[in-house]
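Based on these hints, arrange chain B on the given structure of chain A.
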Amino acid sequence: MASLSPEERANLVAFLDGELDEETSQTLEAKLNLDPQARAEAEALRQAWGLLDYLPKAEPSPTFTNRTMERLSLARASSTQLMPHRKLRRLPWPAAVSWAAAILIAAGGGLAVGSYLGSDMSETAGPDAPMIQHLRIAEKWRYYENAEDLDFLRQLAQPDLFGDDTGT
Amino acid sequence: MALRDPDIRLMLRVRDDDATAFAELVESYHRRLVTVLQHLVSSAEEAEDLAQEVFLRVYRGRKKYRPRAKFSTWLFTIANHLALNVLRSRQRKPVVPLNLRDSGPLGPRPAEQMVQDHGPQPHHRMQQQELAAIVQQAIEGLNERQRIAVVLNKFEDMNYAEIAEVMGLTSKAVKSLLSRARENLRLALREYIYMDGEQPAVSAPLTEKDEEL
Numbered sequence: 000m001a002s003l004s005p006e007e008r009a010n011l012v013a014f015l016d017g018e019l020d021e022e023t024s025q026t027l028e029a030k031l032n033l034d035p036q037a038r039a040e041a042e043a044l045r046q047a048w049g050l051l052d053y054l055p056k057a058e059p060s061p062t063f064t065n066r067t068m069e070r071l072s073l074a075r076a077s078s079t080q081l082m083p084h085r086k087l088r089r090l091p092w093p094a095a096v097s098w099a100a101a102i103l104i105a106a107g108g109g110l111a112v113g114s115y116l117g118s119d120m121s122e123t124a125g126p127d128a129p130m131i132q133h134l135r136i137a138e139k140w141r142y143y144e145n146a147e148d149l150d151f152l153r154q155l156a157q158p159d160l161f162g163d164d165t166g167t
Numbered sequence: 000m001a002l003r004d005p006d007i008r009l010m011l012r013v014r015d016d017d018a019t020a021f022a023e024l025v026e027s028y029h030r031r032l033v034t035v036l037q038h039l040v041s042s043a044e045e046a047e048d049l050a051q052e053v054f055l056r057v058y059r060g061r062k063k064y065r066p067r068a069k070f071s072t073w074l075f076t077i078a079n080h081l082a083l084n085v086l087r088s089r090q091r092k093p094v095v096p097l098n099l100r101d102s103g104p105l106g107p108r109p110a111e112q113m114v115q116d117h118g119p120q121p122h123h124r125m126q127q128q129e130l131a132a133i134v135q136q137a138i139e140g141l142n143e144r145q146r147i148a149v150v151l152n153k154f155e156d157m158n159y160a161e162i163a164e165v166m167g168l169t170s171k172a173v174k175s176l177l178s179r180a181r182e183n184l185r186l187a188l189r190e191y192i193y194m195d196g197e198q199p200a201v202s203a204p205l206t207e208k209d210e211e212l
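Protein chains in written order, with numbering that gives the first Met the number 0: chain A, 0 to 167; chain B, 0 to 212.
Next up, chain A with everything else stripped away, as it sits in the complex (with noise of 0.2 Å):
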């Protein structure tokens, strides 16, 4: 099959979709009509294009809208919960300042403590040390339990997830 250019036979595909332009496509036809080999190239290409339909045709659970709209009002109700994080980004910078300074002191305090605790807890681990190691999850778990995936969650905390909408 080497009766086209490689020109020609990047045409080609444009040409049965019908994509050429009137001049182009006209040159190649000729060629085409003339030039078993070049025909039989193009027949190949449009042979191998209709085996396509053979693959099945998708089909969606009857209950995809439904679904999907579930999911959508899951969404809408966990916007609603975090929405105080979104209003924080809004203060001006002296407040923002003093937040800012109350929560790495209050962290670096909490650090503290929370080392000199975690020596005396490893020495007298007791059934409760998993829920206490991971108190963090626990009282945050019916947001995740709203939620359906880790991914999910951290599409939530995207910033222009809601786009201009905080009113819902």
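Everything labelled a hint here was simulated from the structure, so no lab data went into it.
Hints may contain errors.
Here are some chain B residues pointing at chain A (derived, C-beta under 8 Å) [as the list claims (entries may be wrong)]: (1) 33; (2) 37; (3) 51; (4) 54; (5) 58; (6) 135; (7) 175.
Heads up, simulated BS3-like pairs for lysine-lysine below, C-alpha to C-alpha not over 27 Å straight-line [as the list claims (entries may be wrong)]: (8) B:171 - B:153; (9) B:171 - B:69; (10) A:56 - B:153; (11) A:56 - B:69; (12) A:30 - B:171.
Beta carbons are placed, not taken as given, at the ideal position from N, Cα and C, and that holds for glycine.
Same frame as chain A, but now just chain B:
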């Protein structure tokens, strides 16, 4: 544009927080979307999950929606981004797909299987299924961009300009992409292509009319 495309009018209602309009959009587009995604990711369940994610992103981005192009172009642009992410993450971490609908507790029960089997002749069905698997394999052999261009062209009947808009390419790039993709498909499927005077490898696929008979 908005006056000509009823889906744009629907989307403008979605932008105004009309949940009913959103449900209408989901209902009218989900089959097309799942079809395209299924051919891209080769998994019915993953395609449904992705399609849901596409619709949720449409809703989340509703306030930014501007009716500049056909609604379907916007929808498939979002689908293209999501599908590309999935295909690229698969390249980094290959997985073996397990279709739960074919076997295991979620698969069809024997009686359901009998109902499903009551269709075309078993031999004919087997040939069609085998060929479908071979064609799917040929599509999976394309690189991700070729695959997306092929699926949009074939199953969404998009022209080169529309594919270019969805994929963020020029029409010229799409032309080149499809030329290479179609040549790759021809090579992968050459054993199943019959020329004048030869017998076809299998009989033609069933049309809806055939299935009714």
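Numbered hints the structure breaks, given as an ascending list: none
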